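Let's have the full structure, built from the sequences with the hints guiding it.
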Amino acid sequence: MKYEKPSIGVYVCHCGMNISPKVDVENVVAFAETLDHVTVARDYKFMCSSPGQEFIIKDIREKGLNRIIVASCSPRMHEQTFRKACEQAGINPHYFQMANIREQISWVTKDSAEATAKARDQVAAAVARAVYHAPLTSREIKVKKSVVVIGGGIAGIQAALTAAEAGYEVHIVEREPSIGGHMAKFDKTFPTLDCAACIMTPKMVEVAQHKNITLHTYSEVDSVEGFVGNFKVCIRHNPRYVDASKCTGCGICTTKCPSKVLSEFDQRLTHRKTVYSPFPQAIPNTPVIDRDHCIYFTKGKCRACKKFCEAGAIDFNQQEEVIEIAAGSIIVATGFKAFDPTPLSQYGYGRYPEVYTSLEFERLNNATGPTAGKLLMKNGKPPEKVAIIHCVGSRDSRYHPYCSRVCCMYSMKFAHLVREKTGAEVWEFYIDIRSPGKLYEEFYNRIQEEGVHMIRGRVAEVTDIPETKKDEGRLTVVAENTLTRRVLRVPVDMVLLGVGLEPADGSDAVGRMLGVQRDADGWFNELHAKLAPVKTAMNGIFLAGCCQGPKDIPDTVAQASAAAGEAVSLLAKGTVRTLAEISYIDPDLCSGCKTCIEVCPYTAISFDESRRVAVVNEALCKGCGSCAAACPSSAAGIRHFTDRQIMEEMEAILL
Amino acid sequence: MSDFEPKIIAMVCNWCTYTAADLAGTSRLTYPSNIRIVRLMCTGMIDAKYILKAFLDGADGVFIGGCHPGDCHYINGNLKAVKRITGVGKLLEQFGFDPARLKLQWIGASEGPEFQRHMTEFVAAIQAMGPNPARDCMIL
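Top to bottom, those sequences are chains A and B. Numbering-wise (the numbering used here), the first sequence opens with residue 1 and increments by one. Numbering-wise (the numbering used here), the second sequence opens with residue 1 and increments by one.
Note that these hints are calculated values from the structure, not bench results. A quick note: this is a predicted structure, and the numbers were derived from the prediction, not measured. Just so you know, not all the hints are guaranteed correct.
Said to hold, decoys possible - Under 10 Å between C-beta atoms, here's a sample of chain A residues computed to sit facing chain B:
{"#": "1", "residue": "75"}
{"#": "2", "residue": "78"}
{"#": "3", "residue": "298"}
{"#": "4", "residue": "520"}
{"#": "5", "residue": "616"}
{"#": "6", "residue": "618"}
{"#": "7", "residue": "622"}
{"#": "8", "residue": "626"}
{"#": "9", "residue": "628"}
{"#": "10", "residue": "646"}
{"#": "11", "residue": "649"}
Claimed, not checked - PhoX-like, lysine-lysine: derived pairs with alpha carbons at most 25 Å apart:
{"#": "12", "chain 1": "B", "residue 1": "49", "chain 2": "A", "residue 2": "594"}
{"#": "13", "chain 1": "B", "residue 1": "103", "chain 2": "B", "residue 2": "7"}
{"#": "14", "chain 1": "A", "residue 1": "232", "chain 2": "A", "residue 2": "470"}
{"#": "15", "chain 1": "B", "residue 1": "83", "chain 2": "A", "residue 2": "110"}
{"#": "16", "chain 1": "A", "residue 1": "594", "chain 2": "B", "residue 2": "7"}
{"#": "17", "chain 1": "A", "residue 1": "142", "chain 2": "A", "residue 2": "232"}
C-beta: ideal position from N, C-alpha, C; glycine also.
As structure tokens, this is what we get:
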């Protein structure tokens, strides 16, 4: 490579009013002009705009610049933008360096002079490091034309169908025996009140019948390796003890099974058999034997299911099986878990039988639920008065500070359903009504017209101590109506808790496995809240549905389609570029001590016995730098983060 | 010592603490301007010599920020960093240099307020310690 004398252009951005006037941009430009190798320094209102980029391109072409520094926002925002501009102008994109003077200076510093001094240092650091930048290249590699979707709720189903329709091979991994997720448990959906099963089951069937979709139910993702375009996903199929290839789905095993346990699908309001399908429309309809409760597995006797199964599908010796799938991209759709209101003991959940969570009410009200859709109390009578409490576990600093977004609407849906089915009086206790959505506010007005009492106030307690004798045996809801400033004691027969949403169990493990960060509340972090809402910091991994934050069905379906769109757009291109910022080991300096081989988390370094040196496998290396920091002879380094570049950067700041 | 304005190098990983620093920015959480951030891909790439170099060049403090254990983008780079940085701390102590000038802290990507708090606290701690003694007594 021919040595080229560095000729640097420094561009300082005003970012409208975001950087200037806090940072004295003119001062920084004047300072930059005095730095070694700087040929030109300029400022502009918006460097990222088209004219801003044109400045850079023009200067590179006309002034022969070979290093570009832009002092503006975070490189997480616009590094790619400016790298592309450099490439367009004909210099290697890695000759570009960004100084973050917005997120890390102008927005976080009170004093203008201090902000300017800090900006000067960071610009000097960028210039000093850029002198030692090297032109880097990456290779184009082919992507696997397949998608793995983790989670088979409505988000996963929608994403899978969209990608499969585009012609890509899709694998859905669902840990439950059936796909369907939470939506399969619902009765009606707000605000249109269309039946959840009627809109859900056709989609589930479509998934099962789609030639491009493979279902992995009762399965979990064991490990994920590789990188964008070339992930290696290991899926563990837990044994169902029912051979799906033989099972006809006749259900005789379930009928004959003598053992019963509480049904998870029905929120433990009723029983299921030990060999069971979670619900009648389950996909696939192959039952599962619950090993922990099966009489044969626990006591060694019974085998009633095996005896009656004409197809001979029961196989007590089935083993778990791990299969490996090559995937170009991964869509995470692991959903949510309903908040458990037991810690809020003032609401009496678990203590009073007539206090229900929203999911329990969904089942109670469902035609396939424990009461076949009749709204009955545990004593078999319909309620005459029902209270609904909003924001249980949400908007509460002791539990979850965030709004769960769906509870207001589903609570009002409950109010409507209770009025419709039983004519009971309904009292809703809310903090604020959040009804932003198409026809949502109209639904709020509608239930008020239906005679639902809306009380603005947080419920203090639910008690079984009545105010008057005639209400004995009922529950009393105590709350302040904050609009009339009066304390109310409302006797009711049934209390419904509008519980919030929290991340699904196991999403921490999924996050770690995929390298996707989670926010303080445990939801997966999108790459950018506004501009990349379904991408993650891990290239090739996308988010759909509630795993990214609470959302209702319309938003979930929209986001799932978007995630599939992103995944497909990646795969349709056919290739991805490998990382350029990866490790290299200088064979002249390598002493062959193999320290790097031990520390490499990706087993990307091997030992060349003939030359007695360590060698990097560029396809496996992710550029973490473990080898560089551990190498005792400084033979290993990370491109674009070399010792020299980092040292120069610090020297420019400190000396 | 109250008007002493230290210069502090913060070597932070791209995925967690750098992102937290950006989040502190977008949330407009102000903190002292004494921090100079050096972005690295992972705390696991921080060579002992970077820390020594920073102190020899006169940094009054070195702050290292990475992902919480288990959250490392590169599986376990942060755990390698703990070992190395603990070792460097001991080395500094043997040279009679206060190891409290070197601090390692886990700050996750969503912890903007924590970033602000740690920056404010570390600057105050270094301010109380006074200037880096290496500035005057080391001959380079």
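Hint-by-hint comparison with the structure:
no. : hint            : in the structure
1   : 75              : holds (7 Å)
2   : 78              : violated (12 Å)
3   : 298             : violated (35 Å)
4   : 520             : holds (5 Å)
5   : 616             : violated (14 Å)
6   : 618             : violated (16 Å)
7   : 622             : holds (6 Å)
8   : 626             : holds (5 Å)
9   : 628             : holds (6 Å)
10  : 646             : holds (6 Å)
11  : 649             : holds (6 Å)
12  : B/49 <-> A/594  : holds (20 Å)
13  : B/103 <-> B/7   : holds (14 Å)
14  : A/232 <-> A/470 : violated (66 Å)
15  : B/83 <-> A/110  : violated (36 Å)
16  : A/594 <-> B/7   : violated (38 Å)
17  : A/142 <-> A/232 : holds (14 Å)
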